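Asker: Everything in the sequence shown is counted per UniProt numbering, starting at 1 for the first residue and increasing by one.
FYI, nobody ran anything at the bench for these hints, they're computed from the structure. Take these hints with a grain of salt, some might be off.
No more than 30 angstroms apart at the CA atoms, straight line, and that leaves these computed lysine-lysine pairs for DSBU-like [as the list claims (entries may be wrong)]:
| id | residue 1 | residue 2 |
| --- | --- | --- |
| 1 | K184 | K71 |
| 2 | K381 | K413 |
| 3 | K256 | K479 |
| 4 | K133 | K71 |
| 5 | K479 | K105 |
| 6 | K184 | K109 |
| 7 | K479 | K71 |
| 8 | K184 | K200 |
| 9 | K49 | K188 |
| 10 | K381 | K342 |
| 11 | K96 | K71 |
| 12 | K133 | K109 |
In this text the structure is predicted, and so the values were computed from the model without any measurement.
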Amino acid sequence: MGRNVKRVAILGGGITGLSAAFYLKRQAGERNREVEVTLLEASGRLGGKVNTLRKEGFVIERGPDSFLGRKLPMLHLARDLGLLGELTGTNPQAVKTYLAHNGLKPMPKGINLGIPNNIGLFARTSLISPHGKLRALDEMRIPPREGEEDESVGDFLERRLGREMVERIAEPLLAGIHAGDLYKLSLKATFPEFREMELKYGSVIRGMMEAKRRAPTAGAQAAKARSEAVGGYPIPPTAFLTFRNGLSTVIEALEKRLREDGAEIRLGGEVVRLERSPATEGSGSVYRLILRDGSSVEADSVLFTLPGYAMTPLLAPHMEVGPLGEMEYVSVANVVLAYDEKGFNHRLDGSGFLVPHSEGLTITASTWTSSKWGHTAPADKRLIRCYVGHAGNDADVELSDEEMTARVRRDLKALMGLTAEPRFVEITRLRRGMPQYGVGHSEHVEAFRANLAAALPGVFATGASFDAVGLPDCVRIGKDAADRILSFGQA
1 MGRNVKRVAI LGGGITGLSA AFYLKRQAGE RNREVEVTLL EASGRLGGKV
51 NTLRKEGFVI ERGPDSFLGR KLPMLHLARD LGLLGELTGT NPQAVKTYLA
101 HNGLKPMPKG INLGIPNNIG LFARTSLISP HGKLRALDEM RIPPREGEED
151 ESVGDFLERR LGREMVERIA EPLLAGIHAG DLYKLSLKAT FPEFREMELK
201 YGSVIRGMME AKRRAPTAGA QAAKARSEAV GGYPIPPTAF LTFRNGLSTV
251 IEALEKRLRE DGAEIRLGGE VVRLERSPAT EGSGSVYRLI LRDGSSVEAD
301 SVLFTLPGYA MTPLLAPHME VGPLGEMEYV SVANVVLAYD EKGFNHRLDG
351 SGFLVPHSEG LTITASTWTS SKWGHTAPAD KRLIRCYVGH AGNDADVELS
401 DEEMTARVRR DLKALMGLTA EPRFVEITRL RRGMPQYGVG HSEHVEAFRA
451 NLAAALPGVF ATGASFDAVG LPDCVRIGKD AADRILSFGQ A
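Generate the whole structure from the sequences, applying the supplied hints.
Answerer: Below you can see the structure in the form of structure tokens.
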């Protein structure tokens, strides 16, 4: 007789691993199956990059600050955890975004994701030279590239729109999502919709114009779909959402539910070796995970949700890890400055600003947090978050707290004229925190997973190093992994 209880070990206590554990328990119950889940987190806390600090009435995010509301997996998870009432959206008055160029200039109108979608409005911007505008608009006459091979985002946009548009507009808008180099990031893995527009419309400008034309209807449909997806509950209509008490709300709820459901969670549970044990009769493969403290965990299935650089040393003795083992990661830092209203000498009349790398500043972007998110600061306080570090220049992340704060305040003074003394400063360094999806990334992931399935049946790998950028995608792939684990070995 085979074992009736399936034992699953999950490595990594970020939102992907927690979501996988949650849905493993949930789906097993729906299928009348019993699953023992052990979640191993090497650090002393859960949540990974999701890390909310609640201090002096401020709600401060030391990692991501929100998620895209149009991506439903996060809303489904909030519903399943009873958190829909905690959702909140952005301030509808804080719609203006600025771009650093000899001070702060309003982001040009008539552009979406660095691509013109209203030619009349785009023609009026002073951020692009007349020659640059003509080169960009010439895109509508350039035929689509033949072939199916991947290319970098930068090469694609320069080919279509010209170098000036890439450097002045697209780079600060798009590269910041990954803290990456547009000329190294994979188009297929990051912005596949651009290539789809090129093929469908013969032009990304035409594609963006068509998307804008359909936007009012699409927006209404999306809002309706969001509400219907969670049983008719009214969801804030803004593009980005979070929780009133911070994103750690969902981490805390997942931990509570998992412990109630009998999952074992081990903090400080760093795995140093994966062994394949002789299978007991009828049980299939059995794996033994050796922890740094000398203890071990046996499992019928193992799910890795670790960064690639932490995962590959455990898998390399058993398989060819390929290019994923050499994947690049960029370090970034978040610098949060809290202020009293008295003496604060800026209106914060928008959501923040972006900084092209060519400006040569320490700050790469800034969110005017208390303006964008009304719940993040008391009424008589102000909150600003600045970002430091990007591909090709993440050395600033290792500056001392004092030097980093001084440089950030210098940049804020130069760009905003802000001279107020902060009430306090919180610095969070996310070393090797941003995986870089290089050209060919999707093919590398496919090959890696094929090798893994052949070498270690019942071992799975997912997470931000593979195919998840935002929190909803992490929830989605965690849930998908749970389904694959439960289906593995079933007739």
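Asker: Now, for every hint given, state plainly whether the structure supports it.
Answerer: Results of checking the hints against the structure:
For the proposed pair K184 and K71, the alpha carbon gap of about 26 angstroms is at most 30 angstroms, so the pair holds. Distance check on the hinted pair: K381 and K413 sit about 19 angstroms apart at the alpha-carbon level, within 30 angstroms; holds. As the CA atoms of K256 and K479 are separated by approximately 18 angstroms, the hinted pair is consistent with the 30 angstroms bound. Taking the CA atoms of K133 and K71, the gap is near 33 angstroms; set against the 30 angstroms cutoff, the hint is violated.
Straight-line distance between C-alpha atoms of K479 and K105 comes to about 42 angstroms, which puts the hinted pair past the 30 angstroms bound. A distance of roughly 28 angstroms separates the Cα atoms of K184 and K109; the hinted pair therefore holds under the 30 angstroms criterion. A hinted pair counts as satisfied when its Cα atoms are at most 30 angstroms apart, and K479 with K71 qualifies at roughly 14 angstroms. Taking the CA atoms of K184 and K200, the gap is about 25 angstroms. The hint holds against a cut of 30 angstroms.
About 25 angstroms separates the Cα atoms of K49 and K188, which keeps this hinted pair within 30 angstroms; it holds. Proposed proximity of K381 and K342 is supported: the alpha carbons are some 8 angstroms apart, at most 30 angstroms. Under the criterion of a C-alpha separation no larger than 30 angstroms, the hint pairing K96 with K71 is consistent with the structure, at around 23 angstroms. For the proposed pair K133 and K109, the alpha carbon gap of about 13 angstroms is at most 30 angstroms, so the pair holds.
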